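Spelled out, the chains give:
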Amino acid sequence: MKVATTRFGEFDIAEDQLFMLSSVLPGFPNTKRFFYIQRDNIKPFQWMQSVEEPDVTFVVVDPASFFMDYNPSIPKSDLAEIDLNNQELVELMAIVVLPEDMTKMTANLKGPLIINREKRVLKQIFLETERWSVRESILEGIRKKEQALIEQKVQQEAQK
Amino acid sequence: MLVLSRKLEQSIMIGDEIELKVIAVHGDTVKIGISAPRNIPVHRKEIYEEIEKENILAARMGTEIEKIDLLEHVFKRAE
Chain L
86 MKVATTRFGE
96 FDIAEDQLFM
106 LSSVLPGFPN
116 TKRFFYIQRD
126 NIKPFQWMQS
136 VEEPDVTFVV
146 VDPASFFMDY
156 NPSIPKSDLA
166 EIDLNNQELV
176 ELMAIVVLPE
186 DMTKMTANLK
196 GPLIINREKR
206 VLKQIFLETE
216 RWSVRESILE
226 GIRKKEQALI
236 EQKVQQEAQK
Chain C
877 MLVLSRKLEQ
887 SIMIGDEIEL
897 KVIAVHGDTV
907 KIGISAPRNI
917 PVHRKEIYEE
927 IEKENILAAR
937 MGTEIEKIDL
947 LEHVFKRAE
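Heads up: the protein sequence lines correspond to chains L and C, in order.
One rule links them: number in our numbering = place in the first sequence (from 1) + 85.
One rule links them: number in our numbering = place in the second sequence (from 1) + 876.
Everything labelled a hint here was simulated from the structure, so no lab data went into it.
Just to be clear, a hint being listed does not mean it is correct.
Here are the simulated distance ranges between beta carbons [as the list claims (entries may be wrong)]:
hint : chain 1 : residue 1 : chain 2 : residue 2 : range
1    : C       : Lys897    : L       : Glu100    : 27 to 37 Å
2    : L       : Gln237    : C       : Val918    : 39 to 49 Å
3    : C       : Ser911    : L       : Glu231    : 19 to 29 Å
4    : C       : Glu893    : L       : Tyr121    : 56 to 66 Å
5    : L       : Gln172    : C       : Val901    : 51 to 61 Å
6    : C       : Val918    : L       : Glu185    : 15 to 25 Å
7    : C       : Glu925    : L       : Lys238    : 41 to 51 Å
8    : L       : Asn171    : C       : Ser911    : 40 to 50 Å
9    : L       : Gln172    : C       : Ile932    : 23 to 33 Å
Reference listing, derived: stretches of chain L covered by chain C, where coverage requires no fewer than 3 residues with Cβ under 8 Å from a Cβ of chain C [unchecked claim]:
hint : segment
10   : 95 to 109
11   : 193 to 205
12   : 208 to 222
13   : 231 to 242
Computed from a predicted model, the values in this text were never measured in an experiment.
We put the beta carbon where it would ideally sit given N, CA and C, even for glycine.
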């Protein structure tokens, strides 16, 4: 099917590339389906484009790329809604905000997207926890990850 | 809006399956117990609003293609 987008022009998208929201994405009641736009040069980021609203595009990222200790427990009711009964099979995605000052880019880890890739259904969930916020610094995540890698290397060296 | 007065330990039923019960009252804080089927999402309103606000911001800011190119540049430099 042909899908018009404001930023990328027209796409010809196969039905099996479309992901259906199982409940409304807060703030975007008119959007029911998304598809992903991937490009090598922006990995690990991707775009998530609304089918129904040409100007609704999000930058999303797999939180594991930047946040090594992000492993939220996902409520069973949310998993059931995307037709999963096991958290192992769920795919997580975080919506990114890219402000003018790019060093201040953040990922929403309090409201991650959960995805069932096989059934092509997704949902944004709300974690009832103070552990993660809607604005987690991506650069801070990278810094922590690199530091952990360095510490790991130092320990390995010390053991030799 | 329907307004009902309830005492400690008293409940309100919404339909057959949803029960709201007053568990504790301390000053201006009321603790409410909620029993609902799993397919009914229950959230504090401010979390929903916070996420809604952030979604709108995310869609408005930073999805320009030029910005993504900049992002690529930033990561190349970081490597």
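How the hints compare with the structure:
1. C/Lys897 with L/Glu100: 27 to 37 Å: 46 Å, violated
2. L/Gln237 with C/Val918: 39 to 49 Å: 41 Å, holds
3. C/Ser911 with L/Glu231: 19 to 29 Å: Given range 19 to 29 Å: violated, Cβ gap about 46 Å.
4. C/Glu893 with L/Tyr121: 56 to 66 Å: 37 Å, violated
5. L/Gln172 with C/Val901: 51 to 61 Å: Check failed, 36 Å falls outside 51 to 61 Å.
6. C/Val918 with L/Glu185: 15 to 25 Å: 37 Å, violated
7. C/Glu925 with L/Lys238: 41 to 51 Å: 44 Å, holds
8. L/Asn171 with C/Ser911: 40 to 50 Å: 25 Å, violated
9. L/Gln172 with C/Ile932: 23 to 33 Å: 29 Å, holds
10. 95 to 109: violated (count 1)
11. 193 to 205: Result for this restraint: holds, n = 3.
12. 208 to 222: Since three or more residues must qualify, the claim that chain C covers the segment 208 to 222 of chain L holds, with 5 doing so at under 8 Å.
13. 231 to 242: Check failed, 0 qualifying residues.
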